[in-house]
Amino acid sequence: MNSLRVALFPTCVNDAVHPATAIATVTVLERLGVEVDFPFEQTCCGQPQYNTGYRREAEPLVRRMTQAFGGYDHVVAPSGSCVAMVRDNYPRLGSRAAAEGRGDDLADQARSLAGRVHEFTEFLVDVLGVTDVGAYFPHTVTYHPSCHGLRALGLGDRPRRLLEAVEGLELVELPGADECCGFGGTFAVKNPHVSAAMGADKIRNAEATGARVLCGADNSCLMHLDGMLRRQGSDLRPLHLAEILASTRTEPLQ
Amino acid sequence: MTGTYLGMPAFPRAAAAATQDTRLRANLTRATGTIRAKRAQAIAELDDWTQLRAAGAAIKDRTLRHLDHYLEQLEAAVTRAGGVVHWAADATEANRIVADLIKATGESEVVKVKSMATQEIGLNEALAAEGITAYETDLAELIVQLGDDLPSHILVPAIHKNRAEIRDIFSESMSQWGRPAPEPLTDDPAELAEAARLHLREKFLRAKVAVSGGNFMVAETGTVVVVESEGNGRMCLTLPQTLISVVGIEKVVPTWRDLEVFLQTLPRSSTAERMNPYTSMWSGTTEGDGPREFHLVLLDNGRTATLTDEVGRQALRCIRCSACLNVCPVYERAGGHAYGSPYPGPIGAILTPQLRGTSTELDASLPYASSLCGACYEVCPVAIDIPEVLVHLRERVAEQGGAGHRLEKAAIRAAGWVLDHPAVLAAAERTASRTRRLHPRRLPGPGSGAWSESRDLPRIPAAPFRDWWRANRTTKERP
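First to last, the protein sequences are chains A and B.
Numbering (the numbering used here) for the first sequence: 1 to 254.
Numbering (the numbering used here) for the second sequence: 255 to 733.
Just chain A, same shape as in the assembly (with noise of 0.2 Å):
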């Protein structure tokens, strides 16, 4: 695997709030003897830009991104929505920027990242073929899919076997578990009552469970439900999946 260029693309909202997740991706990573790099030119992917209408402002990030990752074998990111970002909506912005006169460098540019960019699970299972990664994780948990890591990437039981696999871990089926939980970005502030109801029954499913912890694999669904989570005073915790991965007996996640 040393051979292989591997980048980390934490994703900004992992980098800003959630620097657990990315570091602890670092470390299955490198427990799995990837040597993997973060290029600093990387910023945000431009998601909630062109979620909101406004392609053309994503364009400049869709440019220093696909520069950032330009010459890395592999893009790795602990975040389905990021990578759906990347894989679904950089042709076709690119595409776009061709039609609108604006080159055709970018297309091929964005199609090159597309085809190189990794979900975490995906990168896990896929290019390094493992599902068990030595993880040691005593608790209850219950996992919530993400509609991009779901729909748009089709993760299906990858994260489910690498959470299977770790030792002590019990997982439990949470309800109605491919419902979306509400967040969806600017969905979240430009309709927050139906944002509300929609975490307020994902929460209401997951407590259900009896599960200590609510794992996922998309902080940007995790924080929107830790927020009510916290709101209501609830036990239930919220924790990215690579946490619990890097959590082994030696050093155990508290």
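By construction, these hints were calculated from the structure, which means they are not laboratory data.
Check each hint, because a few of them may be wrong.
[Unchecked claim] The calculated EDC-like cross-link candidates involving lysine to aspartate or glutamate, where the alpha carbons are at most 16 Å apart (straight line), are: (1) Lys663/B with Glu653/B; (2) Lys462/B with Asp322/B; (3) Lys462/B with Glu361/B; (4) Lys730/B with Glu41/A; (5) Lys663/B with Glu649/B; (6) Lys730/B with Glu207/A; (7) Lys357/B with Glu384/B; (8) Lys357/B with Glu547/B; (9) Lys462/B with Asp554/B; (10) Lys462/B with Asp543/B; (11) Lys730/B with Asp37/A; (12) Lys730/B with Asp73/A.
[What the hints assert, rightly or not] Residues from chain B that face chain A, not an exhaustive set, calculated with beta carbons under 10 Å: (13) Ala270; (14) Ala285; (15) Gly401; (16) Ser483; (17) Glu484; (18) Gly485; (19) Asp554; (20) Pro583; (21) Ala592; (22) Ala623; (23) Ala629; (24) Glu653; (25) Pro718.
Think of the CB as a built atom: it goes at the ideal place given N, C-alpha and C, for glycine as much as any other residue.
Starting from the structure of chain A, add chain B where the hints point.
Chain B alone, transformed into the frame defined by chain A:
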């Protein structure tokens, strides 16, 4: 926009009210939950679902590319078969044509088959203004009409009502429209259905004119197809002397072979049935069988304009199955009325702003009425990428500016500058980290309150990831 929906509030306000309506929430959760599970089962039975879905999308796309050709072919075939074809550019023209056709018969009342196109143009209201009464004969449309209500679902217009509410509507209002409801009336579904049957029967037997929509039109033979499950449509389409069908131009399919695909995907997607119960098909008029006069009103009303948009045009593939409504978590909690259009739910959020434009606050808010979760795209039997079109329409709304969008654009641009300067971003992150103990759990003020009304703000970490990396690792020279 027809008068019915004028002045309705933007989606977020209407939806906020709906989330507090516990009875509405309970009615919708039960109804959508049931049909969602049944649909999944009905689709899982088919080995070739993926191919049928792709075929449906391909047939619609090909037809839309050559729409002028197939519409002319259809017109010629309908005319040959004894029907008369009328072309209506917009709602006003369509309503004018239908009203004149009814007046020419000397009648002042019509029976109606459930139709989305006539809802779209506000036909009932337009006819009422000319002294013509239109009687809805679909059970759910009847409930909506008797209750002086608006439809809230494409397939089940009264989905927001439970059977106790329906009993009350029947008891109170049937007498004003015709045969009163039997007394006493309970909320037993069989009893409610019988009350509707008796009420409608006299209208079927008396009516000389019927108005319908059409699910499909087959160009090669000039055949119009109506798909329904109560038999009321069959009554309206066969008993009256004059039949007037108002159909959107995008409903044409070239051949019967093409129709076959949709007659498989539509019932399974909409009612979770393997085969549709009442499928009526007619080509013009037939001596001694059915209506003696047939008029087909081909409705544009924004469709040609929609067709010019390369991304948005896929919305015209829609076969009005409602599968996207039934799986939508936003629809389930906001209800259909919040969309301010006969087309609610995800398809409404992309169809209404294209057919009506985005000049009103309501229409401009519709593309944002989605968390982009993608459940709609997954179930769509003609593979309309609804999230893609939503984002595309958001761009249109953001570009036109207007309430809230100027400030938003300025903020996006400012953030864009920071995000294009990693050193500035790192400095901003560090400032946030250093001052984190001062951050409140909720923000004051009406704008920022949207997040913190029901959620605490995220806790900011001691240092951003980039600082951890700088302290613990080294970035190698870029390959």
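Against the structure, the hints:
1. Lys663/B with Glu653/B: Within the cut-off at roughly 9 Å; holds.
2. Lys462/B with Asp322/B: Not satisfied, since the Cα-Cα distance of roughly 33 Å exceeds 16 Å.
3. Lys462/B with Glu361/B: holds, 7 Å
4. Lys730/B with Glu41/A: holds, 13 Å
5. Lys663/B with Glu649/B: holds, 11 Å
6. Lys730/B with Glu207/A: violated, 44 Å
7. Lys357/B with Glu384/B: holds, 9 Å
8. Lys357/B with Glu547/B: holds, 14 Å
9. Lys462/B with Asp554/B: violated, 27 Å
10. Lys462/B with Asp543/B: Distance ~15 Å between lysine 462/B and aspartate 543/B Cα, so the pair holds.
11. Lys730/B with Asp37/A: holds, 7 Å
12. Lys730/B with Asp73/A: holds, 14 Å
13. Ala270: holds, 4 Å
14. Ala285: Alanine 285/B check fails; min Cβ-Cβ to chain A is 16 Å, beyond 10 Å.
15. Gly401: Check failed: Cβ of glycine 401/B comes no nearer than 25 Å to chain A, outside 10 Å.
16. Ser483: Check failed: Cβ of serine 483/B comes no nearer than 28 Å to chain A, outside 10 Å.
17. Glu484: violated, 31 Å
18. Gly485: Violated - the Cβ of glycine 485/B stays beyond 10 Å from chain A, reaching only about 36 Å at its closest.
19. Asp554: violated, 27 Å
20. Pro583: holds, 5 Å
21. Ala592: holds, 9 Å
22. Ala623: Holds. Min distance 7 Å.
23. Ala629: holds, 7 Å
24. Glu653: Interface hint status for glutamate 653/B: holds (8 Å vs cutoff 10 Å).
25. Pro718: holds, 5 Å
Comparing the model with each numbered hint stated earlier shows that hints 2, 6, 9, 14, 15, 16, 17, 18, 19 do not hold.
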